[in-house]
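Colleague: Could you use the hints to bring the two separately framed chains together as a complex?
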Amino acid sequence: MIEVKGVSKSFGSNNVLKNISAVFEQGKTNLIIGQSGSGKTVLLKTIVGLFETDEGTIHYDGINFTSLSQKKRRELRKDIGMLFQGSALFDWATVEENVRYPLDMFTNMSSVEKQKRVDFCLDRVNIVDSNRLYPAEISGGMQKRVAIARAIAMEPRYLFCDEPNSGLDPKTAIVIDNLIREITHELDITTIINTHDMNTVTENGDNILFIYKGEKWWEGDKVKIFNTNNRELNDFVFAANVYKNYRKERQ
Amino acid sequence: MINFFSVIGRYFLFVKKVFSYPEKLSTYYKRTIDEFIYLGLKSIGIVAVISAFIGAVITIQTAYNLENPMLPTYLIGLATRDSLILEFSSTIVALILAGKVGSSIASEIGTMRVTEQIDALDIMGVNSAGFLVLPKIIAMVLFNPFLAVLSMVIGISGGLAVAFITDIISVGDYLTGLQFAFNQFYVTYSLIKTLFFGFVIASVPAFYGYYVRGGSLEVGKASTRAVVNSTVIILLLNLILTKLFLS
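First to last, the protein sequences are chains A and B.
Using the working numbering, the first residue of the first sequence is number 1, and each one after it goes up by one.
Using the working numbering, the first residue of the second sequence is number 1, and each one after it goes up by one.
Isolated chain B (complex conformation) (with noise of 0.2 Å):
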């Protein structure tokens, strides 16, 4: 328990160190470009391409669970729209880049650490956290709101091209179900999630890199740490969210 402490205590200081004094601000705008190509755009392929998988399977889902004749068929739009602004678009896809950038992010970091870089940005006086970790901090705050609402685009269209090919149900009601009751404050929460989401999913993993001590089998094991943290924040967050937003 008293080390669990010790890790949150250490974090919300590594945090801390990451906000305190840019050295030079024109240093870190070129690393913020960089960090919102590697780690936003080169993302945007794999949220794609499992956000239009899931939003047809979604519909042929709804659709197979709908088979009350009273219900109207265009409420598989409606459930199609709704499972992936309210949940997926934010969370799952906040879950999948937890995997992928979060274990870039604790390796990249790591290894700087075991191979002396990070100890020869400190000799030279220069804020290492801050340098390091801060563009990208940025970079997912900003890009996730962006991914979320491609995974929504994207979903919504896997959901269209099912209604296209299959007569599981007719466009007109598919389109009709995406219009019916639309609440726009759901997308507003969502994009909400992901700010909180994109913070997690790149302090959480350079926190753990940052501090890793030993050679690459550490290194390996950091980045697991990393991946299995974020994940597990990432949830309890989207339950306090949720309840604070939705309730």
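Same shape as in the complex, but just chain A (with noise of 0.2 Å):
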């Protein structure tokens, strides 16, 4: 479970974050929503440590990581996984040595082990005969999918996406979202996913955080969602002409 107390923080005078709390679930996918802008990838990295807050706290099942040294902090890493909004799979190396790059970096698996972990990894997130290829050399799916691979294979007990839909056709989104749906099931892990997609709502909205203007502004689940009063999360749920029926429908 992470926990959000009170977060802060600004970039010179331009007030990203007001003052959020919140609590992301183990075994659950938790989603932050709301339209570009209104600070949601920059909550996801104050969360991961990328920004320091300016004032609040953030506990990682009990551990409060903002008071943290750095050298516990990168101890504490070792138990996160993150895929990117571009998926940041290293240029120089193939796409088993992305995935088995953290197990040569922290553990002290023999080589067989290492070649097991990645192939059970590539295999979960369905990549195949790719092993030797670049990323510059597969689609952006398929480097989605290996960036996910990468984020499981230390076993993370946190799972963070930022914006994993961003650039792919529908269906490749689907099974995105499956995918990550299925590995916060099994692995039982603490998912936090960063989307403005309402496709990722509706599928994997176990827990929703909607964020404008840099303030919390509602929060509930995938069923709540479509049945709320917020008019700032209604303009932004019902925007798509889709989902306009859909509340016509429901009305």
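The hints are simulated quantities; they were obtained by calculation from the structure and are not laboratory data.
Glycine residues also receive a C-beta, built at the ideal position from the N, C-alpha and C atoms.
Mixed in with the good hints, there may be bad ones.
Partial chain B-side listing against chain A, Cβ under 8 Å, derived [what the hints assert, rightly or not]:
(1) Glu23
(2) Lys24
(3) Thr27
(4) Ser103
Modeller: What follows is the structure in structure tokens.
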């Protein structure tokens, strides 16, 4: 479980996050949603420690992450997997080397054990016969799946996904959504997904946090989100025609 | 002025980060070998070509300016040797490498920054600065003296080729000039300079690449800034080291 308590973050005079508190539960896919520029990515990067908080604290299973020394943070980060918006695979490494990288860095596994783990992770995300290819040689959807394989290689307790569907076609986006949900439940980990994709909301919204202009505006789940009177949230959710029709049907 | 000191402060903090706690030396070893090949071996070609031509040109120009019959012609060989050893093979080659290697390092690391690859390393708990930059510094510091020696040999050979091909100077006089009043310390001084220059060529562009914010446009700007500032720092260091060693 990850707990965010009163987190604020500014860049110069721009207050990006304003006193945000939330609980992200273990074994659930926790979503942070909001319009572009609302502060979702900053919140996610603040939670993982890429940005320091100006105010407030972040707790990983009771451990106050914000007060940890850099050394202890690095230890904790071995339990964190992250899927970046652009996949962030290492250009200089093949698919296999990308997935094996954290194992090379942080474990004393033998080559055979590492290979088994790499094969398992790649198999789990349905990547076959591409081990020796470089990231530039595979499609965007495959890159995302390899990034997921790399994120789960160390059997993390926390998984962060920054807009996992951006730039993907709807069919591949659903594959990625399903994969993240299945992995979250299989490994019983705390997953936080940062998205503005409504398909992800309907598929993976076990717990949803809506950010509006840097503030926590609403919290609920994928059922409640379609029955709320929150005007800003409705503007966001029902912006697409398909969901407008859905609302009319419900009404 | 505050910004100037702020950049210097950040650079030294960056260098401190680069030299702190390597997670696993075996993973650094492979990358260091790769950097030796990419930054060092692949620079041999340009260093060799430029050195050969500059050696030849120095010989011709010295001969052109040495018209006084009282001066022995073997001084042409001596002037070529000393120009190459003292200045060209260390400093000018370093300036050339600051352009070739420096822009490559700044662009590579800058691109990694804007595509979040460095964030991915940080999230894993890896010392990203150390992992990415330390192998480059080691490669450049260790390989730069070799490039300088190569440049000296090829540059002097370029002058020898002029002696062979033209009648500006006889081969015998040129070879006599090369051996005349030779001071071994000049080579030592030159090689010491290359160690410092190698460090600057790798670390300064890496610093500018590492702290890029934005997109491809900023990566290009960082690359330009890296080359310009590396060049200035090399020239400044050259002045200081020359004063220290040759005064």
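Colleague: Work down the list of hints and note, for each, if the structure agrees.
Modeller: Hint check results:
{"no.": "1", "hint": "Glu23", "verdict": "5 Å, holds"}
{"no.": "2", "hint": "Lys24", "verdict": "6 Å, holds"}
{"no.": "3", "hint": "Thr27", "verdict": "5 Å, holds"}
{"no.": "4", "hint": "Ser103", "verdict": "17 Å, violated"}
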